[in-house]
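Number of protein chains: 2
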Amino acid sequence: MHEEIAGNAGAKVLLARVQDLIGHDLREVEQVFLAEIESGHPFVGEVLAHLTSYRGKRLRPMLVLLSAQACGGIEQAHLVLAAVVEMIHTATLVHDDVLDEATTRRHVATVNSRWSNETSVLLGDYLFTHAFHLTSSLGDATACRMIGRATNVVCEGEMAQVADRGNLSLSERQYLDIIEAKTAELCAVSCFLGAHYAGAPRSTCEALDGFGRALGIAFQIADDLLDVVGTESKTGKSLGTDLQKQKLTLPIIHLLAQSSPAEVETLRELLAHPSPHTRATLLPLLESRGSLQYARDRADEFTVSAREQLASLPDSPARQLLEDMADFVAVRSA
Amino acid sequence: MHEEIAGNAGAKVLLARVQDLIGHDLREVEQVFLAEIESGHPFVGEVLAHLTSYRGKRLRPMLVLLSAQACGGIEQAHLVLAAVVEMIHTATLVHDDVLDEATTRRHVATVNSRWSNETSVLLGDYLFTHAFHLTSSLGDATACRMIGRATNVVCEGEMAQVADRGNLSLSERQYLDIIEAKTAELCAVSCFLGAHYAGAPRSTCEALDGFGRALGIAFQIADDLLDVVGTESKTGKSLGTDLQKQKLTLPIIHLLAQSSPAEVETLRELLAHPSPHTRATLLPLLESRGSLQYARDRADEFTVSAREQLASLPDSPARQLLEDMADFVAVRSA
Numbered sequence: 002m003h004e005e006i007a008g009n010a011g012a013k014v015l016l017a018r019v020q021d022l023i024g025h026d027l028r029e030v031e032q033v034f035l036a037e038i039e040s041g042h043p044f045v046g047e048v049l050a051h052l053t054s055y056r057g058k059r060l061r062p063m064l065v066l067l068s069a070q071a072c073g074g075i076e077q078a079h080l081v082l083a084a085v086v087e088m089i090h091t092a093t094l095v096h097d098d099v100l101d102e103a104t105t106r107r108h109v110a111t112v113n114s115r116w117s118n119e120t121s122v123l124l125g126d127y128l129f130t131h132a133f134h135l136t137s138s139l140g141d142a143t144a145c146r147m148i149g150r151a152t153n154v155v156c157e158g159e160m161a162q163v164a165d166r167g168n169l170s171l172s173e174r175q176y177l178d179i180i181e182a183k184t185a186e187l188c189a190v191s192c193f194l195g196a197h198y199a200g201a202p203r204s205t206c207e208a209l210d211g212f213g214r215a216l217g218i219a220f221q222i223a224d225d226l227l228d229v230v231g232t233e234s235k236t237g238k239s240l241g242t243d244l245q246k247q248k249l250t251l252p253i254i255h256l257l258a259q260s261s262p263a264e265v266e267t268l269r270e271l272l273a274h275p276s277p278h279t280r281a282t283l284l285p286l287l288e289s290r291g292s293l294q295y296a297r298d299r300a301d302e303f304t305v306s307a308r309e310q311l312a313s314l315p316d317s318p319a320r321q322l323l324e325d326m327a328d329f330v331a332v333r334s335a
Numbered sequence: 002m003h004e005e006i007a008g009n010a011g012a013k014v015l016l017a018r019v020q021d022l023i024g025h026d027l028r029e030v031e032q033v034f035l036a037e038i039e040s041g042h043p044f045v046g047e048v049l050a051h052l053t054s055y056r057g058k059r060l061r062p063m064l065v066l067l068s069a070q071a072c073g074g075i076e077q078a079h080l081v082l083a084a085v086v087e088m089i090h091t092a093t094l095v096h097d098d099v100l101d102e103a104t105t106r107r108h109v110a111t112v113n114s115r116w117s118n119e120t121s122v123l124l125g126d127y128l129f130t131h132a133f134h135l136t137s138s139l140g141d142a143t144a145c146r147m148i149g150r151a152t153n154v155v156c157e158g159e160m161a162q163v164a165d166r167g168n169l170s171l172s173e174r175q176y177l178d179i180i181e182a183k184t185a186e187l188c189a190v191s192c193f194l195g196a197h198y199a200g201a202p203r204s205t206c207e208a209l210d211g212f213g214r215a216l217g218i219a220f221q222i223a224d225d226l227l228d229v230v231g232t233e234s235k236t237g238k239s240l241g242t243d244l245q246k247q248k249l250t251l252p253i254i255h256l257l258a259q260s261s262p263a264e265v266e267t268l269r270e271l272l273a274h275p276s277p278h279t280r281a282t283l284l285p286l287l288e289s290r291g292s293l294q295y296a297r298d299r300a301d302e303f304t305v306s307a308r309e310q311l312a313s314l315p316d317s318p319a320r321q322l323l324e325d326m327a328d329f330v331a332v333r334s335a
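Chains R and F are the protein sequences, given in the same order. Read left to right, the first sequence gives residues 2 to 335 (the numbering used here). Read left to right, the second sequence gives residues 2 to 335 (the numbering used here).
The hints are simulated quantities; they were obtained by calculation from the structure and are not laboratory data. It is possible that part of the hints are untrue.
Pairwise CB distance ranges, derived in the manner of DEER restraints [as the list claims (entries may be wrong)]:
id : chain 1 : residue 1 : chain 2 : residue 2 : range
1  : F       : ARG269    : R       : ARG115    : 23 to 33 Å
2  : R       : GLU302    : F       : LYS246    : 45 to 55 Å
3  : R       : GLY74     : F       : SER117    : 58 to 68 Å
4  : F       : PRO202    : R       : GLU173    : 55 to 65 Å
5  : F       : GLN247    : R       : LYS58     : 31 to 41 Å
6  : F       : ARG203    : R       : LEU227    : 53 to 63 Å
7  : R       : GLY167    : F       : THR53     : 22 to 32 Å
8  : F       : GLY167    : R       : ALA263    : 52 to 62 Å
9  : F       : THR267    : R       : GLY167    : 47 to 57 Å
Note that the structure is a prediction, hence the values are computed from the model and not measured. From the three backbone atoms N, C-alpha and C, an ideal C-beta is built for every residue, glycine too.
With the hints as extra help, turn the sequences into a complete structure.
The following block contains the structure:
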């Protein structure tokens, strides 16, 4: 399965199966999303329209809907919640691009590069507040509380990451804590709420939370790996930004742990003064010391752990797709 | 009454009366605020601690509590909501300082100047999401919906303002629409929710909404006037930023409307190329053409309109304080 869906062909097959099962629902989610952020103001409308080209895989809406489907069935609440988690994710992307000074995402200009940082800051705020407003339309404070709490964790994770920039002693544990907060938490709450609003018992909701959490960690490890080994033409975004911003990710943490004190000295010097060539300089070393493979293996371990969480669910096409998605997110960079 | 509370002495008398009536509740609000944003992360904790010196008058919490008191009495829900509106207001201040590239606020360094723009962006997000989470703790989706909607309006107002930077043809109507959205909406919802959670009938809630809205507009007109006529030592923040950012405010809009086509030409040239001297150049003209007085008069009109909204409420110390606060916000720059 790994090799089969690792490439573009595999991704296409997987997405086609997702479309077959929940394509209609995903399109309804899109309508909910667009209706919520519609604006009467011409400038606001123009910036919001740009978001359509800015957005991506719809991973989090898929997690909500597939979790729901695997636990009983998709209800109206799921369509709203799927739009909510996508909106929160989009808000964090827009603000991330300001923080990373990124110029392209998904092959198009970022909002900060096309307009300005201030437009990006306000657009992100606009999306955050619309996401909360949309959540409240369910008329159930539980959803507001869980979405609010998860988003808190995401923001705290992002702040911790900024605080740890330039920390060349970052441990694997600290790295994993940061990515669990900034990425995995929203995946976890997506799966939890999918199960919860399908009427699943608490233990099932928690298993789905665990699934989304492990999948999110695997996803972020793979995403960080892409920033090191990817090509800009394929990924459609600025690469090497983690190195430029002195954000240590798993391969670098592994490489430092594998190196002699003298080598660590040299590496830290290199990392402390990043240039456009830093990535190319490090790549052969990361390859020969097994640091890239180590990161891939860790991502795979989280994938396995994610799949294990689904063991208690009855077999179904939705459960099968969740399992395959967990595989897929981890092998994007293989 | 105007002259009496216009100066610092007047402000002190008014605030002492507020403290006498609701000081205990305001201190409880402070505890709710601080407990909600507590963080286990050292860096996040450090930035949050800085916020204590950053915050100001607690106008919005006062509006929630005095509205509640004027309509029946202060409940636990009001303490939570007062912390929520203050947190949302603080989030917008933190992001505003990024947009305005401001270096000081309330006599201390802004978060963006002391740390960085990215820290400010994330801190604002952190506060927004905590505000929504705290709202959901009331267990009532109505509060989530109203707070969510009001914050949407605030963000859309901020975006409209950014879009209109450099628009030297901004009309008074457009200006008022922007300040109603970005400032008055949160004051309006503060008063509405104060009345609503005190068990007031719908018509009273709407009257309080109208009061907060008119007060908010008067407040912002006065605040914008301070940016033109104030002194940095008294206001404790960077001044002249509206002119630097080509944000037209009421005195300038009035001056342009009073000028001959040739004068308008000259003024627009000046406004389109702002320098540190622009404010000093414009001040005598704004004074002699009555543009400062015009803005003061408009603020007073909104104050009168705010007070009128309270007519149906029974007389009480809380109602009296609301009326006096409406006077006070408009005369800060008198």
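*If any of the earlier hints don't hold here, list their numbers in rising order.*
The structure breaks only hint 3.
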